[in-house]
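Under this note's numbering, residues 114 to 391 are what the sequence shown spells out, in order.
Distance condition first, Cα-Cα at most 25 Å in a straight line; then the derived DMTMM-like pairs of lysine to aspartate or glutamate:
(1) K350 - D374
(2) K350 - D324
(3) K350 - E362
(4) K301 - D317
(5) K301 - D249
(6) K301 - D263
(7) K350 - E122
(8) K350 - E125
(9) K301 - E254
(10) K301 - D172
(11) K301 - E165
(12) K350 - E128
(13) K350 - D314
(14) K301 - E281
(15) K350 - D366
(16) K301 - E252
(17) K350 - D317
(18) K350 - E327
(19) K301 - D291
(20) K301 - D314
Hint data in this document are derived by calculation from the structure and do not stem from the laboratory.
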Amino acid sequence: MPATTSLTELTEVVEAGNVLVLTGAGLSTESGIPDYRGESGTLRRHTPMTYEQFVGSVDGRRRYWARSHLGWRTITGAAPNAGHRALAALQATGRLTGIITQNVDGLHQAAGAREVTELHGSLSRVICLGCRATSDRVELEHRLRAANPDFTAAAGAVNPDGDVELAEHQVRRFRLVDCEVCGSGVLKPDVVFFGEGVPRDRVDHCYRLVDSAEALLVLGSSLAVMSGLRFVRHAGKRGIPILIVNRGETRGDPLAAVRVDRPLGAALTELTTRLGCA
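Could you build all of it, start to finish, from the sequences and the hints given here?
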């Protein structure tokens with residue numbers, strides 16, 4: 114359906130309550146974290162690490178961790194923007210049943226949001242692929258700095274997964290560390306890589322959230338991959354109204370009852386003002 118700049122219909126649906134929210138990378142771009150597929154999306158110039166590349170070779174893991182070690186500074190330095198804060202304020206009114214996010218930056222929680230289902234995991238956690246123990250990313254960063262005291266490479270452009278552009282000769286001298294629990298396991302950020310499936314129990318939980326909602330509000334996602342699009346299609350099959358706010362077209366547009374093309378921060382701030390919860 115044609116996109117509009119008016120929030121009138123969207124406000125009416127959200128005011129009724131029982132709305133489930135699905136967010137994508139477009140919500141975090143105003144915090145300085147780029148998206149993959151927008152007008153300046155990093156997929157236009159950057160190929161993300163795949164799960165197969167990561168588990169398939171030590172060189173692949175060295176490349177990821179060297180680059181992510183630098184990019185982590187950008188992720189931790191990012192602050193919630195007006196869109197995150199407005200959504201948290203809206204949730205506090207009780208009109209939202211929950212938030213499903215495709216983002217791995219933790220900015221929803223930093224803004225005060227609750228009941229956030231991290232569909233693709235979180236960069237703030239690390240998991241051992243051997244013993245499955247999880248640990249805090251901050252602890253790993255301390256260990257990586259200790260193992261690489263002379264690693265002073267300058268980061269290039271950062272990507273949504275915290276990866277950065279880094280010359281190959283700088284990657285080669287980066288030293289990895291093993292799991293502290295089992296002593297030898299491969300450490301991986303607790304996020305879903307390209308080519309890796311979302312855990313089934315997490316997917317099922319999201320389907321249940323869709324089933325219990327009276328509307329699905331999509332914010333800042335092009336819905337280019339099935340990971341998020343499946344929930345939009347599920348809502349459509351169940352007759353649940355779909356509301357989309359995004360800059361540019363999305364794969365869910367044909368199913369949308371309301372379609373708004375506006376910057377997320379301004380649109381959500383206006384929405385909360387209209388609902389008296391700004």
